[in-house]
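Chemist: If you're matching positions, the sequence shown starts at 0 in numbering that gives the first Met the number 0 and goes up one per residue.
These aren't lab readings, by the way, just hints derived from the structure by calculation.
A virtual CB, placed ideally from N, CA and C, is assigned to each residue, including glycine.
Treat the hints with care, as some may be off.
Taking lysine-lysine pairs in the BS3-like style, the calculated list, with each CA pair at most 25 Å apart, reads [what the hints assert, rightly or not]:
id, residue 1, residue 2
1, K32, K19
2, K92, K31
3, K31, K91
4, K33, K159
5, K92, K32
6, K32, K91
7, K31, K19
8, K33, K92
9, K19, K33
10, K91, K33
11, K159, K32
Between beta-carbon pairs, the in silico distance windows are [to be verified]:
id, residue 1, residue 2, range
12, E34, F65, 42 to 48 Å
13, N1, A181, 25 to 31 Å
14, F185, G151, 15 to 21 Å
15, C112, D160, 34 to 40 Å
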Amino acid sequence: MNLISIIIAALFTQNFVMVKFMGICPFLGVSKKKETAIGMGMAVIFVMAISSAITYAVNRFLLVPFGLEYLQTIAFILIIAGLVQFVEMFVKKSMPALYSALGIYLPLITTNCAVLGAALLNVQNGYNFIESLIFGTCSAAGFALAIVLFAGIREAINEKDVPISFRGFPLALITAGLMAIAFMGFSGFTI
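Model the full structure from these sequences, guided by the hints.
Modeler: This is the structure in structure tokens:
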């Protein structure tokens, strides 16, 4: 039952973007089109899932046994940076159009606080390997869910007649705020 609680929390009740407000920069920057939002979501899912597994192992078998817990943040950032470089090379080689569409936001996954936050929360919450992997993957899936929904709403709004003062970024912020309120509605949901 604990795994189901972790999944529900990561996707809805503790969604990194809509509830914890982590990863806002790529959320707002890459959400103008569904295709780029899906690409970013997939990249974040890959990086967060793999980094959750690797950071768990590094913390459990290297940092803790040698009393180096104070190096967690540095070690985790290095692991995440390496994974992002791998993803960037893969996307550039296999999907050049998506690579161009994601632009600067793809390498910025390295500094995305949601990715580092998942690794640090795994340690803070005392998750075992499976729980860490599920939390990282589902948190990333929650990020992807939020960014794809937001991109869909933004595409639909762009086709409407909107007052000039609300066009573009102001309406995007209002929409993000309303989505955050909707996600906060899940906070009472428990298992």
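Chemist: Per the hint of 25 to 31 Å, is the separation of the Cβ atoms of N1 and A181 within bounds?
Modeler: 26 Å, holds
Chemist: Measure nothing beyond the straight line between the CA atoms of K91 and K33; if it is 25 Å or shorter, mark the hint as holding.
Modeler: 19 Å, holds
Chemist: Is the Cα-Cα distance between K159 and K32 25 Å or less?
Modeler: 15 Å, holds
Chemist: Is it true that the CA of K19 sits at most 25 Å from the CA of K33?
Modeler: Given that 25 Å is the threshold and the Cα spacing comes to 23 Å, the pair holds.
Chemist: Is K33 within 25 Å of K92, Cα to Cα?
Modeler: Holds - the C-alpha atoms of K92 and K33 are around 21 Å apart, at most 25 Å.
Chemist: Given the range 34 to 40 Å, decide if the beta-carbon distance of C112 to D160 lies inside it.
Modeler: Since the Cβ atoms of C112 and D160 sit about 36 Å apart, the hinted range of 34 to 40 Å holds.
Chemist: Given the hint that K33 pairs with K159, test it: the Cα-Cα distance must not exceed 25 Å.
Modeler: 17 Å, holds
Chemist: Between K31 and K91, is the straight-line Cα distance small enough, at 25 Å or below?
Modeler: The given pair, whose Cα atoms are some 20 Å apart, holds under the 25 Å limit.
Chemist: Take a quick look at whether K92 and K32 sit within 25 Å of each other, Cα to Cα.
Modeler: Judged against 25 Å, a Cα distance of about 21 Å means the pair holds.
Chemist: Starting from K32, check that the Cα of K91 is at most 25 Å away, please.
Modeler: 19 Å, holds
Chemist: Does K32 pair with K19 here, judged by a C-alpha cut-off of 25 Å?
Modeler: Given that 25 Å is the threshold and the Cα spacing comes to 23 Å, the pair holds.
Chemist: Is the straight-line distance between the alpha-carbon of K31 and that of K19 25 Å or less?
Modeler: 22 Å, holds
In summary, this structure violates none of the numbered hints.
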